[in-house]
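Protein chains: 2
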Amino acid sequence: MTKPLPSGAVIGILGGGQLGRMLAVAAARLGYKAHIYEPAANPPAADVAHALTTASYEDAGALRAFAQSVDVITYEFENIPTSALDLLESLKPIRPGRRALAVSQDRVAEKTFLNDLGLTTAPWASVETAEEMTAAVEKIGAPAILKTTRLGYDGKGQARLREASDAESAFAAMQGAPAILEGFVNFTAEVSVIAARGLDGQVSAYDPGENIHREGILHTTTVPATLRPAQRQDAVLLAARILNALDYVGVMGVELFVTPQGLLVNEIAPRVHNSGHWTQNGCAVDQFEQHIRAVTGWPLGDGSRHSDVVMENLIGDDITRLPDYAREPGTAIHLYGKAEARPGRKMAHINRVKPRS
Amino acid sequence: MTKPLPSGAVIGILGGGQLGRMLAVAAARLGYKAHIYEPAANPPAADVAHALTTASYEDAGALRAFAQSVDVITYEFENIPTSALDLLESLKPIRPGRRALAVSQDRVAEKTFLNDLGLTTAPWASVETAEEMTAAVEKIGAPAILKTTRLGYDGKGQARLREASDAESAFAAMQGAPAILEGFVNFTAEVSVIAARGLDGQVSAYDPGENIHREGILHTTTVPATLRPAQRQDAVLLAARILNALDYVGVMGVELFVTPQGLLVNEIAPRVHNSGHWTQNGCAVDQFEQHIRAVTGWPLGDGSRHSDVVMENLIGDDITRLPDYAREPGTAIHLYGKAEARPGRKMAHINRVKPRS
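Residue numbers (full-length UniProt numbering), protein chains in the order written: chain A, 1 to 357; chain B, 1 to 357.
Any given hint could turn out to be false.
[What the hints assert, rightly or not] One side of the interface only, derived from the structure: several residues of chain A facing chain B at Cβ under 7 Å: (1) VAL25; (2) ALA28; (3) LEU335; (4) GLY337; (5) ALA339; (6) ALA341; (7) GLY344; (8) VAL353.
What the hints contain is simulated information worked out from the structure, not anything from laboratory work.
Glycine included, every Cβ here is placed at the ideal spot set by N, Cα and C.
When you get a sec, could you build the whole thing from the sequences and use the hints?
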């Protein structure tokens, strides 16, 4: 067993949004200090952090000073520029490691990695040229969706093909960027497994949660998910296989489609995940603490579920309903401290907790 | 219903120890920023606070700047100098208010207040002169304990009387400070009720916890306490009576002795309390958030208990046992980020959680 980082050590966190904020609180609970690196001003994570660096990911001096002031580096989002990672990695350990980032930053690499592991994904084809686009549409059919392979986030850089004749305009929308054509999947539910792997290789997974999206953004996650016991076990084992294959350290979100033919992997996120927020009020050790435990070398904590939970995101003006939620029995509130409630902006979430069914 | 302070408002917290630290985290969860005022360097609360003022309670300039930068003031300990309170109160609301502080800062005022409410305490007598000491020992008998009326904390400023003949040396130990002689109580258990009262007068109490002390410091709190249903109800009603009588706003810890003759009030603390730490893993809304809700004008949250919990304090070298606790199923860890593990110093606590019995 590796000795964990000593109390008082500093955890560097790339990204100062709500995930960084909840990671910083978890770090404090384990006796660590959090140092946030974030280009934008007044990031939500700064309210609960020991230190804040406001600088871009191109600022080599700021990156170097940040790395020198911390003991380990982790992140709340996966699209960190490669040049920044190269510099940081030369100075301090980055956990989860580069392999997980490389796979999750590129949709073709991600699908290839998953298929090579023997896991099923939506049908897909790599598209870099007009000829490849024609071949891809022939292989996948329509409807389908064309996405840039890199930096995709919440529906940006995507074009839908309702029918095969949309191929040309969709390809043009990529503006020459390498892309991937993905077929649609007939699924009965989307579930996600929040899994963790420690520095010592120990793997632990939370009970799968069932996700409902609205306008492309996660709306609710419900535990328990409506899965048969065998599916539940499949989901957890599948996630463990991914973490082990990547020699992963930290928490990962694995999104799965439930289909009549079995479980398909939709996407993986090498970080704490919105669909794991229910763990804050459903488990003795939540996903944020589990992540900090992993990256600092602690043994993983007990992630077993003591309660049923429905997590609901409050997006934009949803926040005006808070006074009602605040009075609800069994409802826990988690605000992100964002000043302005813009449409589509995640402002808070609530966890509605009930005794385990 | 009063409108709560808006998201982004600043909560001023007097005291930067572990209670201030956990209050700061709760403030963030409700979208507020915490500003800590603490004379000592590197206070535990600063790691998770938006701002820190390092200054003494005699520094009028620092107190004034602090008050001007916050929207409401609360505190993690009750022995704040009166001059500081006078200055702060002239600039911003202090919650809980002065009446609660006046009562809890003076043992004679506290006992008088409780007895006037019709509540039973240990037998006591005020002692300011040698003559009063003689009369007090005649009234109370021995064994008994003589304490200074003000600034008592964890056994400081106290002298035990094993027999009546110890009276003279005990009185001398007070060095002329006003004191109180308290008789010993034959109790079967010590329980505490963590109760909250909102700005709107709503009262809510957590399930009473049962306390075990070691060497004068709280060792464990267990919920449920071994109380009969009628005693449980008495304990909660009694606490509510105290909060209402003080027009109290915030969380209060009420320590009670269980005796064959009924419940006796041992002492009250106008703040979040060590014996309420179990709420962090036993309830949807913990004592820290309940306190922040009260002082910012939110409705009180649901403090009903979803689990059985045993809270254990880790004092001094106890901290070396953390690696074992970290592996225990159902165990949640809360470290305070203190650099040095001195004997008698509270370093962390753990909550051992089990399904509700």
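Outcome of the hint check:
1. VAL25: At 5 Å from the nearest chain B Cβ, VAL25/A passes the 7 Å test, so the hint holds.
2. ALA28: holds, 5 Å
3. LEU335: Because about 4 Å separates LEU335/A from the closest Cβ in chain B, which is inside the 7 Å limit, the hint holds.
4. GLY337: Holds: closest Cβ of chain B sits about 5 Å from GLY337/A, inside 7 Å.
5. ALA339: This interface hint holds because 6 Å falls under the 7 Å limit.
6. ALA341: At 9 Å from the nearest chain B Cβ, ALA341/A fails the 7 Å test, so the hint is violated.
7. GLY344: violated, 18 Å
8. VAL353: holds, 5 Å
Hint violations for this structure: numbers 6 and 7, all remaining hints satisfied.
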